[in-house]
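Asker: For the protein sequence lines, the chains are R, U, L and A, in the order given.
All the letters of the first sequence, read from the start, carry residue numbers 111 to 560 under the numbering used here.
All the letters of the second sequence, read from the start, carry residue numbers 111 to 560 under the numbering used here.
All the letters of the third sequence, read from the start, carry residue numbers 111 to 560 under the numbering used here.
All the letters of the fourth sequence, read from the start, carry residue numbers 111 to 560 under the numbering used here.
Hint data in this document are derived by calculation from the structure and do not stem from the laboratory.
A hint or two may mislead.
As the list claims (entries may be wrong) - The calculated DSS-like cross-link candidates involving lysine-lysine, where the alpha carbons are at most 30 Å apart (straight line), are: (1) 148/L to 198/U; (2) 198/A to 148/A; (3) 148/L to 490/U.
Take a look at the letters that make up each chain.
Protein chains: 4
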Amino acid sequence: MATRMSDSLMYRHLWTAPELDYLFEEKGRLSIWLDILKALASAQADLGIIPVESAAAIAELVSVETLDLDYVATQTRASSHSTLGLIKGLEQTLPPEVHQYVYYGATVQDVTDTWFGIVMRDVGDRVAAHLGQLQTTLLQLAETNRDTVMVGRTHGQPGAPITFGTKVASWADEVARHIIRLAEGRSRWSTGQLGGAVGVLGFFQPAGLELRARFCSALGLGTPDVSWLTSRDRLAEFGHTLAMVCATLARIGSEIYELQRPEIGELLEPRSSGGVSSITMPQKRNPESSEHLVTLARLVRAGSTVLLEGMDQQHERDGRGWKAEWIVLPEICEFSLLATTTAGAVLAGLEVNTTAMANNLAAHGALLRSEQVLAGLSTKIGKHEAQQLLQVALSELAPDGDIAAVLARHGVSASAEELRRWLTQPATGVAGEQVDAVLAATRVPSDSVR
Amino acid sequence: MATRMSDSLMYRHLWTAPELDYLFEEKGRLSIWLDILKALASAQADLGIIPVESAAAIAELVSVETLDLDYVATQTRASSHSTLGLIKGLEQTLPPEVHQYVYYGATVQDVTDTWFGIVMRDVGDRVAAHLGQLQTTLLQLAETNRDTVMVGRTHGQPGAPITFGTKVASWADEVARHIIRLAEGRSRWSTGQLGGAVGVLGFFQPAGLELRARFCSALGLGTPDVSWLTSRDRLAEFGHTLAMVCATLARIGSEIYELQRPEIGELLEPRSSGGVSSITMPQKRNPESSEHLVTLARLVRAGSTVLLEGMDQQHERDGRGWKAEWIVLPEICEFSLLATTTAGAVLAGLEVNTTAMANNLAAHGALLRSEQVLAGLSTKIGKHEAQQLLQVALSELAPDGDIAAVLARHGVSASAEELRRWLTQPATGVAGEQVDAVLAATRVPSDSVR
Amino acid sequence: MATRMSDSLMYRHLWTAPELDYLFEEKGRLSIWLDILKALASAQADLGIIPVESAAAIAELVSVETLDLDYVATQTRASSHSTLGLIKGLEQTLPPEVHQYVYYGATVQDVTDTWFGIVMRDVGDRVAAHLGQLQTTLLQLAETNRDTVMVGRTHGQPGAPITFGTKVASWADEVARHIIRLAEGRSRWSTGQLGGAVGVLGFFQPAGLELRARFCSALGLGTPDVSWLTSRDRLAEFGHTLAMVCATLARIGSEIYELQRPEIGELLEPRSSGGVSSITMPQKRNPESSEHLVTLARLVRAGSTVLLEGMDQQHERDGRGWKAEWIVLPEICEFSLLATTTAGAVLAGLEVNTTAMANNLAAHGALLRSEQVLAGLSTKIGKHEAQQLLQVALSELAPDGDIAAVLARHGVSASAEELRRWLTQPATGVAGEQVDAVLAATRVPSDSVR
Amino acid sequence: MATRMSDSLMYRHLWTAPELDYLFEEKGRLSIWLDILKALASAQADLGIIPVESAAAIAELVSVETLDLDYVATQTRASSHSTLGLIKGLEQTLPPEVHQYVYYGATVQDVTDTWFGIVMRDVGDRVAAHLGQLQTTLLQLAETNRDTVMVGRTHGQPGAPITFGTKVASWADEVARHIIRLAEGRSRWSTGQLGGAVGVLGFFQPAGLELRARFCSALGLGTPDVSWLTSRDRLAEFGHTLAMVCATLARIGSEIYELQRPEIGELLEPRSSGGVSSITMPQKRNPESSEHLVTLARLVRAGSTVLLEGMDQQHERDGRGWKAEWIVLPEICEFSLLATTTAGAVLAGLEVNTTAMANNLAAHGALLRSEQVLAGLSTKIGKHEAQQLLQVALSELAPDGDIAAVLARHGVSASAEELRRWLTQPATGVAGEQVDAVLAATRVPSDSVR
């Protein structure tokens, strides 16, 4: 039973990343929650807080497989408490003398925030890994097209030549920064939570700090210096980092969407095998994956804002911001991972039409070389005069017109040789060198990072 | 299998309104989609576009009960098309000669946007109905407490007296405007969609307009003057109206949350029977429903922003903004309806502690009557001198101090009789009259509005 | 001294609407504030609350021209109070016996919220008036181009033919709804505020309600049933309405931006006389006004969200949400009015290149008529077979290829006559009729609405 | 002339940080722009691109003092170009032969983005420095109140004891992470821009890369590997970091606002000397600075979202997102710096009422020790039975009641000695140790970070 498209049998493939089921799908999530409870019991047994036998029983008998989910759900609703139903469910599978030692002294948020710590660690790592693969693709694409000249466009208008390599290098440069951000933030957001009622572990004194350290460590999480029950910058930072990652992928998607217009035809996202773009217009080939990158980025952006807003929390626990995270964090994780895999597939199969790139450049002819002509002319008659003259001259010039003739008509005595040089010299400035610089800079981090 | 908390077996009661299952739960949604396809076939048969027998077969045989959902889902994924899987699923239940006449000439968006029209109409109506009930509760509460004096607070600080009735009247006043907005917007967003490939129904010429009108009318929806495939203000308006409704409920929830602090103790949300607030602090009574109203409002606000952003769409169809609506619209509908029912329950069982209200007023004593003293004193020594004098005098006054003595110490010759009048006259200004005004104004609309 | 681009001498023309200076520029704003204080004094004199002579002196002597703004500012900072500096400034121009009767019993928010009421009324009216003019332009454009056939595009890809008129009609249809929304919301947001300390006018009892009614009425504003000091849905609704208006203009701007690409060349925003698009590329003609519409819409959207968030206010006054409105409301009003005038200029001078529209249609040739061919073929071999056959056939077809030959090669026995009819019949469906419908529907409201 | 409150003479002190005037006030901004043009000319002269004499003349003669701002503004409007007016203004102060060498080959965005690089570097450093001072205050406050016991509150309800030190430590812990984030992001956002027409410096070939490196280095900025004309993650990251900083300050402000309620009275923000909270209620002491922190945080959050949205830019330059940054970046920098100074003042003068803290704790009596009683009782009768028993027992217990008697009445044979231990042992768990941990962890970074 699914009321959201995200979990619809028909459409969940558009909104869900199966590789995250172990974190978010109900049984996966509960399985992690049970691991958390086991780690807690084990640490408590080590410190003599609960009997060793109880911890052993919990480790052995507690399992999502033997949990009666319907019973848990019913009890959850009956108690209006987020985990009392789960506790009652666990009691069904544990001997009576162990009942009280599962979930001993912990609160809902200890379990869910620790799960959040695992989620942020794992999803962050997976997004980084996907970006690493994406970057490999991008760097190859940039290298291959280091000198593939194409029209550079500003304000949607053809301006001056660039290379496709430099465009891709700009994408790779952005991705590289995200990989670094994910690495830098990791230690902040991969953190466990054990705070008890009000964040000071009054239930466990005097062993509280030691218990928390053991508990977090057993789960492979960092130990916080102070409980973060209402200190939520970790989530805000993580969410915004995902939102930036998706925004970069949306930028790539938008660029493909625009350059895939048949009127331009320079890029084509791969056609999915067996895919049908339109049933009313069978000839269509739509950039649907590229579009989807934009869609996902918008959703993740909206979600991340909720996490940022959620930083303004009151006192020692504040359900208002906290519960909103339950909806938003899984959602943006799913969308972000899906975005990285979608972008990976699009870029791996991207068709680059270098002929179209060359043709478009030719179609805009000498116009696009204006920057060079301007530079050359500036050395002869000064930049300002050159600008004014070119603005008039170029407005008179047909796409295939003779710029030398037009300039001569305006009294500029540029020799044919000079004009030839201005018009034929490699016009793409540092485009290739920028590719080299990005290759040099980003190949190292992509190796060294985790 | 649920990857989102919203559809989790354990937690869906916190995020989902069961009364909307017929619109959003997968089978409910598909059932409505099939109704749409039947209405289309019927209108097409009426106009001779498809055989009458085919429309009859579609009406009889197409049913969500006989649809093989797994097959539909598999075919959806295989085709990468949003409804081709559904079409193939329908073919399984239709005789071959009818196959081609189901979904004849329509596109995905014709189905989903028409579903959106039904969703906005029905959810708008249900929210309005819930608000109507809520308003009845509020008006009774306001009337009952028309003259229940309590501390008015500004900037979180006790200021001057109000009545609880006037506070509730301000809520009711806001709710009344939402009911009107929902009524005003209804004809705009209760609109069907039939545009075909690019919004001009080229497939159906020359009967396109007539077909659209019959199709929309059969579903109880308005007929648009022009296709709205990329004209999405209807959704943005609807989403924002829901967001405003939820913001009002959040304002009410926040107020209860604050006034439920034991240090204030003036309001108490009803305790859920069998509910447990805290397992580590068994004495706790948390305003959890009030908090949840704030949580839901934040989520709906974030979602509604996506719909507003989605208004900037390109050309004749634009997947980027459109697909985001698939996630956001169901989500904000569920949350909003849940918010109205939650608020309804909270307000219906709200405990108003008039003793605490009176005690708090007494505790701040004469301080809270400063506005009256200022007004009275102003008539004797002028407003400015009165202000300066009071600022000094009141800072010296103990909560239970003798204001007459303090004033006398500062040379103000207010008679005991004058002081008594300033300090004992009804100090709540137009509080009661405001209740009367809201009662008079809003009782009418709540009857007349749908 | 300006720290924001909005008020920069160099750039304010990009961010500010001079026709709103009387509302927002410091002297304009203060002039309105003084009008509000005069209206208050006059109403108070009428009710015997202050001496008639004082009200007369206030009416005569209070003026922004004689106010020492530097002194007001210094006193404002010294008192950390929003209007005490202003009161002290007014005292300088009033005889001592009148001092206490200016701003008598009112609070900051009474002045600023009443100003907000005037702002929302006036800016709403002006935006509606600008949209009315814009709509006239749009309706003419739609009528003129009712049958101007052009490529319809979906997912950025040429799909099937539409007319330019139907595209413009879709814009006009959206604008028409905004005009209605502005008319419907007007009575809600054109409302004065007089609440005193905590919204119940304790200072003025027993004449509070009568005073408020006279005060609001004198300023041409509605009288609220209850103080709206912390009831801010009026602002949220107004802000979102502006945001939707700007979003529609952004949609129009985006469309022009895309269709102005030389590779498409179907629309051109007017070139500003003397304008220079690029100093490094003199040949450029950038759609800068169209871009600016998108920029403004994003800023107004972000601002309107703050107003929506600001609805969750506490108690009887809450500085947190209220003060944010001081920044946001003027900003979104300026941007919105600027957007309507910018869009007006762009559309009034819009160049429609019908030759390019025809050429682009021809370039995509028979492909774009697939919807008709499909419809025709469906009547012969069934829709599904027709779809599959067309998908193969069209993929083999060169832009100028012979579709009859290709179909024949696939065994479809469509006669030349049939094909001719499918390929040459008016292919734009209800495009023209949609223009007629919008013209019919929107010409009436544009007259009747204020 | 100011149309925005931010630049109003009366109110700018609430919205503007004077220490940033050198970056944002019109003359300050232009002065930096001229420094950028001088650095460009100097680097160009070094590389032989322009005459050394011209660069010298530019260095000597170009000055904001001699610039005719009115002329610049008029020319800006006349040309509809963002910097042509400035260029014409500069020509007035330069000899004719130098005219063409100022702003040689650069574009608007080279100047404004490089200014952005300086802005982000400087504002980032200043915010970090302010946070460093704030942290010193916080750490002292935490240390002083390491063991100041107070009520811990969850869901707005008193729960169990904490210490005020641990609450402050949680603030300091969050601030410490922001200081680290600002340090980590610095090298990313302190970056210059020199891209020319389309980001490949075609005008300057072959010396482009060398020119860019010298130009950036001269201004103390990093050199990008590739032009970032449409790669805006730097801005999004910077903006979000500011938004997180402000959110933390808002959290602190909200806490003070709530705990300053006289009904709680545990904290008081310092009273501004000469400040007047309310003219109608002279006795009021409002937490206005604390409120303002929340206001500023909301505005910065909304602005930062625009920067994030702006990452999805097209091609090689895209005015839509770029121009929105002109409004948003200065705004959020001003607000953020103002927030750090406001918070600094609030915290430096914060009044901590330890008596109120103790009284509030006593008022909630034994109830607040329930966590300890529960822990103790759990060792005797098991956790579950203890929970159920306590829930009943505590509901019967008066604030000053005898818990031993109540427990005895329910058949629990806890000895008086045991009860005394549970009820009197230090109940604050790891509160103090958490302070120690934060002190240990954050004192180091606050020294070592820039």
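Asker: Now look at each hint and say whether the structure bears it out.
Answerer: For each hint, the structure was consulted:
For the proposed pair residue 148/L and residue 198/U, the alpha carbon gap of about 74 Å is over 30 Å, so the pair is violated. For the suggested pair residue 198/A and residue 148/A, the alpha carbons sit about 16 Å apart, so the restraint of at most 30 Å is met. A C-alpha spacing of about 23 Å is found between residue 148/L and residue 490/U, which places the hinted pair at or below 30 Å, so the restraint holds.
Consistency with the previously given hints fails for number 1 only.
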